[in-house]
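**Student:** Sequence:
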Amino acid sequence: MSAVRGPGDDRPDSMHTLVMITHVVYALHAFALVSGLAGSMLLLLSFLASIPSIVAVVINYVKRDAVRGTWLESHFRWQIRTFWFALLWVVVSIALLITVFGAIFGVIILMASSVWVIYRIVRGWWVLLHGRTLPMPVER
Numbered sequence: 001m002s003a004v005r006g007p008g009d010d011r012p013d014s015m016h017t018l019v020m021i022t023h024v025v026y027a028l029h030a031f032a033l034v035s036g037l038a039g040s041m042l043l044l045l046s047f048l049a050s051i052p053s054i055v056a057v058v059i060n061y062v063k064r065d066a067v068r069g070t071w072l073e074s075h076f077r078w079q080i081r082t083f084w085f086a087l088l089w090v091v092v093s094i095a096l097l098i099t100v101f102g103a104i105f106g107v108i109i110l111m112a113s114s115v116w117v118i119y120r121i122v123r124g125w126w127v128l129l130h131g132r133t134l135p136m137p138v139e140r
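Just so we're aligned, residue 1 is where the sequence shown starts under this note's numbering, counting upward by one.
Because the hints were derived from the structure by calculation, they are not lab data.
Positions of the beta carbon are idealized from the N, C-alpha and C atoms, including for glycine.
Worth double-checking, as some hints may not be accurate.
[Said to hold, decoys possible] Label-pair distances were calculated between CB atoms; the ranges are:
(1) VAL138 - ILE80: 10 to 20 Å
(2) VAL58 - SER35: 11 to 21 Å
(3) LEU97 - HIS16: 11 to 21 Å
(4) SER35 - PHE101: 15 to 25 Å
Using the sequences and the accompanying hints, generate a full structural model.
**Tutor:** See the structure below:
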């Protein structure tokens with residue numbers, strides 16, 4: 001495993017541009033959540049179904065190789081995992097919502113997942129603003 005480069009490192013593919021792209025991805029996710037809040041109380045569904053969030057995760061995958069081995073790699077992983085785990089919880093919630101007995105659990109899971117997504121966006125963006133990495137699982 002290669003060493004993670006810090007915020008002061010310069011690379012030919014413009015670290016400044018990659019930092020700006022990472023900010024844009026957080027902004028797209030935040031925009032999706034805010035627009036969901038204005039439109040309905042189901043923030044998580046708005047986050048996943050909205051075009052800004054889909055564009056954000058596509059940007060993550062397209063630029064993933066450019067950030068590999070840099071301090072931004074942890075942010076891209078954080079953003080991608082936030083999207084896919086949120087999608088998983090939406091699917092579970094919808095499955096529960098269509099059953100009479102599981103409906104209350106589906107609503108609870110949607111609400112808890114929405115709070116979790118908000119936390120992930122706020123924490124990730126805050127850490128990015130301070131030029132730090134997010135925790136990444138140790139590879140075996």
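**Student:** Compare the structure with each hint and give your call.
**Tutor:** Against the structure, the hints:
no.	hint	result
1	VAL138 - ILE80: 10 to 20 Å	holds (18 Å)
2	VAL58 - SER35: 11 to 21 Å	holds (18 Å)
3	LEU97 - HIS16: 11 to 21 Å	violated (44 Å)
4	SER35 - PHE101: 15 to 25 Å	violated (32 Å)
Of the numbered hints given earlier, the model fails hints 3, 4; all others are met.
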